[in-house]
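Asker: Residues per chain are reported as follows:
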Amino acid sequence: GQNIDQPTEMTATEGAIVQINCTYQTSGFNGLFWYQQHAGEAPTFLSYNVLDGLEEKGRFSSFLSRSKGYSYLLLKELQMKDSASYLCAVRATYNQGGKLIFGQGTELSVKP
Amino acid sequence: DVKVTQSSRYLVKRTGEKVFLECVQDMDHENMFWYRQDPGLGLRLIYFSYDVKMKEKGDIPEGYSVSREKKERFSLILESASTNQTSMYLCASSPMDHYEQYFGPGTRLTVT
Chain A
1 GQNIDQPTEM TATEGAIVQI NCTYQTSGFN GLFWYQQHAG EAPTFLSYNV
51 LDGLEEKGRF SSFLSRSKGY SYLLLKELQM KDSASYLCAV RATYNQGGKL
101 IFGQGTELSV KP
Chain B
113 DVKVTQSSRY LVKRTGEKVF LECVQDMDHE NMFWYRQDPG LGLRLIYFSY
163 DVKMKEKGDI PEGYSVSREK KERFSLILES ASTNQTSMYL CASSPMDHYE
213 QYFGPGTRLT VT
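Chain order of the listed sequences is A and B. If you read the first sequence in the working numbering, its first letter stands for residue 1, the second for the next number, and so on. If you read the second sequence in the working numbering, its first letter stands for residue 113, the second for the next number, and so on.
Just chain A, with the same shape it has in the complex (with noise of 0.2 Å):
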């Protein structure tokens, strides 16, 4: 089956940096895929990673292993405003459509 983990809760510090870990088996894999959803809100993109390596984009960096079928989200100097849920997302295959899995999400609550 198709199963994507990643952790409930996370609780931070303002201007430290917290790493959101993501777990995933799937029947295949074309890229993976981490959005921000503030509440109440459209989740919008952040990263995508289809090779092994650190993508980094500003504060925010994302990390894939597809051996271990693993990626992590780092958020740095976080600010107030990063509280919000981290969706992880799977292409599982290359389909038409571009079809995507997405694990339940992490809510990240940012403390002064």
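One thing to keep in mind: the hints can contain errors.
[As the list claims (entries may be wrong)] Partial list, computed: chain A residues near chain B (C-beta under 8 Å):
1. Ala39
2. Pro43
3. Phe45
4. Arg91
5. Lys99
6. Gln104
[Said to hold, decoys possible] Derived lysine to any residue pairs resembling SDA-like cross-links, with alpha carbons at most 25 Å apart:
7. Lys169/B <-> Arg185/B
8. Lys167/B <-> Thr8/A
9. Lys115/B <-> Lys76/A
Treat the hints as calculated values from the structure; they're not laboratory data. We treat Cβ as the ideally placed atom computed from N, Cα and C, and that holds for glycine.
Got chain A; can you put chain B on it based on the hints?
Answerer: Chain B in isolation, oriented as in the chain A frame:
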């Protein structure tokens, strides 16, 4: 900027009613998606479409149908609404050869 709009932010319907949720995107995207989002379950794909008049079942299509008569519009239909269809419904779109999905603001549907 890509814009995905949904017909209503909040909707209240009675059990047994036929419900239409409309989604429109203005970026000429080929792919469109309907998800529902429930606490603890994450985003689950209901139906998707990769071309006009084409539709594919997602992971939880039971109780739903869709229509895509024009490229920019993708409708989700609940033939006979039930209380277990109370949820947040999110529409998304993406270009054919690009993996990132753009989400609409969501419709919170309550079935009483």
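Asker: Are the hints correct? Go through all of them and say.
Answerer: Status of the hints after comparison with the structure:
no., hint, verdict
1, Ala39, "violated (11 Å)"
2, Pro43, "holds (5 Å)"
3, Phe45, "holds (5 Å)"
4, Arg91, "holds (6 Å)"
5, Lys99, "holds (6 Å)"
6, Gln104, "holds (4 Å)"
7, Lys169/B <-> Arg185/B, "holds (17 Å)"
8, Lys167/B <-> Thr8/A, "violated (32 Å)"
9, Lys115/B <-> Lys76/A, "violated (29 Å)"
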